[in-house]
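Q: Starting from the structure of chain A, add chains B and C where the hints point.
So the sequence lines, in the order shown, correspond to chains A, B and C.
So the first sequence is numbered by the numbering used here: it starts at 1 and just counts up by one.
So the second sequence is numbered by the numbering used here: it starts at 1001 and just counts up by one.
So the third sequence is numbered by the numbering used here: it starts at 2001 and just counts up by one.
Everything labelled a hint here was simulated from the structure, so no lab data went into it.
From a predicted model like this one, the values you see are computed outputs, not experimental measurements.
Don't be surprised by glycine CBs; every beta carbon is placed ideally from N, CA and C.
Any given hint could turn out to be false.
Claimed, not checked - Where chain B lies over chain A, by a calculated footprint (3+ residues, C-beta under 8 Å):
1. 14 to 27
2. 44 to 50
3. 53 to 62
Claimed, not checked - In silico DSS-like pairs for lysine-lysine, Cα to Cα no more than 30 Å straight-line:
4. Lys3(A) to Lys49(A)
5. Lys49(A) to Lys1193(B)
6. Lys1235(B) to Lys3(A)
7. Lys2206(C) to Lys1059(B)
8. Lys1205(B) to Lys1193(B)
If you want the building blocks of each chain, they are given just below.
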Amino acid sequence: MSKGFVAINVERCKGCAFCIEFCPTHVLALSSAFNSKGYHPPHVVASDKCSGCDLCGMYCPDFAIYGGRYAR
Amino acid sequence: MSEQLLEVPCEIPEGSFNPVEPFLRTERIPHIWCPGCGIGTTVNCFTRALISSGADLDKVAIVSGIGCTGRVAGYARLDSFHTTHGRAIPFATGLKLANPQLQVVVYSGDGDLFAIGGNHFIHAARRNMDIKVICVNNLTYAMTGGQTAPTTPSHVISATAPYGVFEPSFNLVQLADACGASYVARWTTFHVKQLARSMEEVLKKKGFGFIEIVSPCPTLYQRRNKMGDGLDTMKYYKQASKVRNGASTSECALTRSGEIVVGKFVDRERPDYYDLLQAQMQETLGDRYAEPEVGCAEC
Amino acid sequence: MHADPRGVLTGVHFLDGDHACCEGTLAAGARFAAGYPITPSTEVVERFASRIPLVGGVFIQMEDELAASIAIQGAVWGGAKAFTVTSGPGFSLMMEHIGYAAITETPCVFVNVQRGGPSTGLPTLPAQADMMQAKWGSHGDYGVIALCPNSPQECFDLTITGFNLAEEFRVPVMMMLDECVGHMTEKVVIPPAGEIEVSPRRYTQKPPAEFRPFEPGDNLVPEMVKAGDGYRFHVTGLTHDERGYPSMNVAAQDRLVRRLVDKLKPFANGRALCDTADLEDAEVVVVSYGITSRVAQRAIELARKRGIRAGKFRIISAWPFPGQHIASLAGRVKAFVVPELNLGQMVHEVERAAAGRAKVIPVTHAGGTVHDPEMILKAIVEAAQ
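If we strip away everything but chain A, and leave its shape as in the complex, we get (with noise of 0.2 Å):
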């Protein structure tokens, strides 16, 4: 079980992929999905990897993802 969770909102991406690149453990990759204006989200590709430091949610411009651990 990984350390941290990553929650995705993806109405609000508008595919900037800032969360892709500065994710420390690579726990992202951009989707091929795309939401409603056309944007394609990122995908979790590597959750054992997370480890919830939310990095992706402070870099995320458009406050659509964010990272939390879990509770032990």
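A: Below, chains B and C alone, put in the same frame as chain A:
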């Protein structure tokens, strides 16, 4: 607004939420900022700073001017004032003097604060007015289409300099330092952790605090100059930034594609405007001085 | 409610208009002023600067009129009654922020001690050439209230009225003095605080979840709020909806801007301030305001001595213009004579209201001194023929 979440392999704990969410007027999200614009990133950092500084959110007032960054006031769930172009700082001055209990934060852009607003910036810094000025510097007038700003580096193309900017540009941290600001720092939108920490520091420090945040404007500044998109710009910030805390601000000028000196440059103690006012009045008037009760519930 | 005694300099004084205006602001409850030096208005804030630390408030001399005119609005949203003071060139600089006060419905007072213009003009000499600017000077459609005192006593009394109207209508109020009234020294009686009526700010009693800062009441005016009380409200100069959020569409624009103008109609129609005399049998009515009304008084007396039935209509609230009064007079008088220290400004409003049913004769003067009563008398005599 739909809270529809993507099917992800992670289990989302019951009741978890994005830390920024309580600070937003969520009924107005999605916001108007472009893909890859850094303003939203700065708002995340500001939110973290409000949380970690223990601010009473009912006492935080945000004042902005006109421009893309000026729209922050409209998205923040605080007492917020979207004022006229260049005049957020004097509005903030009046607000703070009427109610010194408020934590007054000016959140505006480089053109708004330093072209039309330049005079007000230098005087508020000179007075050491107890307000915090967050300047998102995207090196252009973004909202109106990417015209030259006083911060636009030389040789860059802008909407009003189609053959290249040739005017020298401001070094904002040097300007703030020279005018007497108590706290001066610069970060980029890449430096989210440091920026949040700086914002927390500035919220806790009395006096005129200034934080410059270099941010992408992918739609105008970067696109017109073939500098890539927001992500390319963030990677440039990562590669070109040098943290030099305590550096002399005169050595921190920005150029078209050169080094970006970031860090905290000024953190000094000076009595703020209100301290000086009280001291002077008490000295000259003694007992006759009546404590200001400027704003009141029943006036 | 009654004035706070700490700001009321009860007694019989010998003051000039600028000084009396300052006392009016203090009696009205103003505890914040921001200004910038400009002749012939500076004495208002100079006196405020020396009085306010003894009363309990703040004066700040800002770096320019743009700063002063919006610092006062910041102070209002922080809970203060606030004003600024200026003359022609500064008034021009303040125009954007008068528009901001209008669209954000910020109650505040702008004092303009008018001087010769345009531009630097005649800094130390009177004129009344900013009257149209007081109403139309900012861009867009909006309304203001403008009051014209004609004596230092009125500079005191009407300033209090101005503050009260600002609170009642949530509107910027223009106090249109002139250099003559501002610099003439006369007896000013300041009553005890208990005899001075002051309108409190109409703060909402609704809880934050229910309150909308731009939702009009039955009188078309929204309730007020201030920062720091947990309302988390938003104020913007963009066209906005009742929540205060930007709402930049045709319907919202129509709703908001019409209301900004319409909310002042009750004042224009039923409560316009004016001072009239000898209108019952008048054949010529002299319409004037400010210092010119003092000169016109003489001309009217001289005309009466010559057997001309001259009447006085002194405008005290110039905006919204008391058109209904003029219109009803137009039905039964031969002519209006309108002397002004300008090349014809309020006279256009008189013409509009008279709608051709009476002659309207301007008595213009480019400014720099007051009319000679003979100039006004000459016009009255011609009008009566």
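Q: Just pull the numbers of the violated hints for me, sorted ascending.
A: none
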